[in-house]
Amino acid sequence: MLTARCCSRTLALRLRSCPPLRRSLSSVTENDILHFSKILDPPSIISTLSPIHSSLEDLHPFNNDWMRKYSGRATTVLKPRTTQQVSEILKWCHEREIPVVPQGGNTGLVGGSIPLNDEVVISMANMNNVRSFDPVSGILVAEAGCILQSLTDYVAPHNHIMPLDLGAKGSCQIGGNVSTNAGGLRLLRYGSLHGSVLGVEVVLPDGTILDQLTTLRKDNTGYDLKQLFIGSEGTLGIITGVSILTPPAPQASNNVILALPHFDNVRPLYQTVKGQLSEILSAFEFIDRTAYDLAVKHGQGRALNEEDVEGAECFVLVETSGGRREHDEEKLNDLLETLLSADRPLINTGVLAQNPAQFSSLWALREGVTEAVSKEGKAYKYDISVPLSTFKEVVDITRNHLQSQGLLHEDAVSHVLGYGHVGDGNLHLNVIAKAYTQEIQDALEPFIYELVASHRGSISAEHGVGSMKTHALHYSKDKISLELMKKIKEMFDPKGIMNPGKVIA
Amino acid sequence: MRPSPARLLNILVPVKRAVDYAVKIRVNAQQTGVDLNVKHSMNPFDEIAVEEAVRLRERFKDEIKTIKAITIGPSKSAETLRTALAMGADSAIHVEIPENAPAPEPLGVAKTLRAIIEKQKDSGGIDIVILGKQSIDDDLGQTGQMLAGLMGWSQATYASKVDLDIPKREATVVREIDGGSEEIRCKLPLVVTTDLRLNEPRYASLPNIMKAKKKPFEKLKPEDLGVDLTPQMETVKVTEPLKRVGGVKVANVDELVAKLKEAGFTAVKN
Chain A
1 MLTARCCSRT LALRLRSCPP LRRSLSSVTE NDILHFSKIL DPPSIISTLS
51 PIHSSLEDLH PFNNDWMRKY SGRATTVLKP RTTQQVSEIL KWCHEREIPV
101 VPQGGNTGLV GGSIPLNDEV VISMANMNNV RSFDPVSGIL VAEAGCILQS
151 LTDYVAPHNH IMPLDLGAKG SCQIGGNVST NAGGLRLLRY GSLHGSVLGV
201 EVVLPDGTIL DQLTTLRKDN TGYDLKQLFI GSEGTLGIIT GVSILTPPAP
251 QASNNVILAL PHFDNVRPLY QTVKGQLSEI LSAFEFIDRT AYDLAVKHGQ
301 GRALNEEDVE GAECFVLVET SGGRREHDEE KLNDLLETLL SADRPLINTG
351 VLAQNPAQFS SLWALREGVT EAVSKEGKAY KYDISVPLST FKEVVDITRN
401 HLQSQGLLHE DAVSHVLGYG HVGDGNLHLN VIAKAYTQEI QDALEPFIYE
451 LVASHRGSIS AEHGVGSMKT HALHYSKDKI SLELMKKIKE MFDPKGIMNP
501 GKVIA
Chain B
1 MRPSPARLLN ILVPVKRAVD YAVKIRVNAQ QTGVDLNVKH SMNPFDEIAV
51 EEAVRLRERF KDEIKTIKAI TIGPSKSAET LRTALAMGAD SAIHVEIPEN
101 APAPEPLGVA KTLRAIIEKQ KDSGGIDIVI LGKQSIDDDL GQTGQMLAGL
151 MGWSQATYAS KVDLDIPKRE ATVVREIDGG SEEIRCKLPL VVTTDLRLNE
201 PRYASLPNIM KAKKKPFEKL KPEDLGVDLT PQMETVKVTE PLKRVGGVKV
251 ANVDELVAKL KEAGFTAVKN
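Each protein sequence line maps, in turn, to chains A and B. Note that the UniProt record's numbering has the first sequence beginning at 1, numbered continuously upward. Note that the UniProt record's numbering has the second sequence beginning at 1, numbered continuously upward.
Next up, chain A with everything else stripped away, as it sits in the complex:
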């Protein structure tokens, strides 16, 4: 019954948000399967078609996202092991005009990795080898299907870390991270993937292999083509390999959660923290009270002591990473002393991790919000860039708007909450409802997009556009930019087979 309800709802969403495909593309036939069988070994093809006859259940994880918000009707999933195989598959699909959806760990939040109709899913999961790692330069060359956590584990013995870290690290793949330009928790310290990715290997829609897998830090020779594939969400080609610069692992990390009496204190606090911790500051994360309470309710990390959360309107998690523990501790202690002994303290109190277990537990309170939200109900997630000073205002305005629409009650929307990366000006605005309904959807959109546009913000800070926000792209990009983007898409993918209906349509 659950599935039935999901399907009808997704259909409703799709009717509204999915634009018609520009030209009639083909569906996969048994003949195509025969051809794919010549490229791939049998276990690498999952298809309901003859002669494979997989069950719908086998396809389920590829046709549905983890939030159960989007679902597709793909009949066939291909799992190539080599770039050559990806190239041969795309060559065939290009010729036959079969649309394809590249898929990584399928942990996206905007329906970018899920087919909209019956496209072929190309899962990169089997391309999971590390090609090389140079412990001196820290440059890692890995295949697209490597899971972020396993890469982290791979470089750890060499005293390096991945330049990005996000809640989905146990499932998400580096190829997906790069093609969606994933942000995450280390962005404040190590910058975006546009900086740390040094090269990519991409299979273009017609099967051509574009080898830009260089390991050069500096290369000013003409247009930087790889940048186009970072963040284009698989609409211009399939990333099969990535060369990425990994920073040396910090020798010491610590974290502290601070309880703030008012949201207004976040900005001056950020200023103070940044000033005093300078180079060892590695994260400055914001969690509002609703988000904190939900994380605790759903067992994400151990709650702070009762008396420490009393009267707190929001929380901030500060992480330090540096080269020498004593140095970092001294700085952190000085900061905490300044904060506590101020005439008009910016914080009520806080908690400083005393050991690695507490360190992870404090992080879990922040990282676990996503999971807690999905346990609480159906989530409408808006990942926006707005000026820091408006974080609370945006959450409050949205909540008031829902209330004025009569939608803020337990049968419709139960919570409106905000959390995110203060250092990056990135707010995760989440609306938790009992069920996904058109009425709530209409109340939220374009309301939120207009709100964001009024602050000259971005409607997608780090989650991407996917199929969720294609129609709203104009809130963040002007006409000229959109025209140029369309021209680029047209040039790379004249037949429109690459991840159709995503990003721009």
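Simulated from the structure, these hints should not be mistaken for lab results. Among the hints, erroneous ones may be present.
[What the hints assert, rightly or not] Keeping only pairs whose Cα atoms sit at most 20 Å apart, straight-line, the calculated PhoX-like set for lysine-lysine is:
id, chain 1, residue 1, chain 2, residue 2
1, B, Lys39, A, Lys331
2, A, Lys495, A, Lys479
3, A, Lys331, B, Lys214
4, B, Lys261, B, Lys249
5, A, Lys274, A, Lys331
6, A, Lys331, B, Lys249
7, A, Lys331, B, Lys261
8, A, Lys331, B, Lys76
Given chain A's structure and the hints, the job is docking chain B onto it.
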């Protein structure tokens, strides 16, 4: 007639700085021990002991007069005591040993604790010692029992629940035993060793961390207490367990049979 006030209790909590449980342990190149150049923190069972002492104070308020934390170890062990103070202990004693001195053994530790307890006699004595059932580095699990033996006190080991009747000077302790739990009642003075389910230790809050810096912190040497911490055991060799060898995939039954034969398995004869 006014009831005579019950004598107030003093609690001693021995804590140990140990390699953090989240750290992956590596044997050192000389095979004399493990690599100690890694993250250390308070032995988790001792953290539970500190938490229990603080909870008893919260429950019995002023009837718990003092909570003293003590550690034996090199200078870095001081931070373990700071954590205990930040969690709610009132004062700390650091019995300092040189950086490269061998780790004290349970008997040496128990004798040191005895000396400390003797020393406290003038200032009200010690009524309850709460400590971890074992430390996670050497896993010896003997200190509590040895201390109770040396002192001739009651002992309640592997505690998962502690309750006090202060006027009667009695404790009721639930112990973790094979296949269940056991409830015992014992007379004070008492040694309690903590098990995992006793409580969940709190975070140290910032104001308490700051306050901890101003709490009394006494430094002693083993000689001051007249104890000798020279080990009685000699570590011959430390090695890693054998690595598990991964399995292999076989393509068909014939290959499987061949592999089995290769490994020395033979068919059952009828």
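Hints, verified against the model:
1. A C-alpha spacing of about 19 Å is found between B:Lys39 and A:Lys331, which places the hinted pair at or below 20 Å, so the restraint holds.
2. Of the supplied pair hints, the one linking A:Lys495 and A:Lys479 is violated, its CA atoms being roughly 23 Å apart against a limit of 20 Å.
3. About 19 Å separates the Cα atoms of A:Lys331 and B:Lys214, which keeps this hinted pair within 20 Å; it holds.
4. The suggested pairing of B:Lys261 with B:Lys249 holds, with an alpha-carbon distance near 16 Å, which does not exceed 20 Å.
5. Proposed proximity of A:Lys274 and A:Lys331 is supported: the alpha carbons are some 11 Å apart, at most 20 Å.
6. Only pairs whose Cα atoms come within 20 Å are accepted, and A:Lys331 paired with B:Lys249 is rejected, the gap being roughly 54 Å.
7. As the CA atoms of A:Lys331 and B:Lys261 are separated by approximately 65 Å, the hinted pair breaks the 20 Å bound.
8. Between A:Lys331 and B:Lys76 the CA atoms are separated by roughly 18 Å; this keeps the pair inside 20 Å, and the hint holds.
In terms of the numbered hints stated before, the structure departs from hints 2, 6 and 7, listed from lowest to highest.
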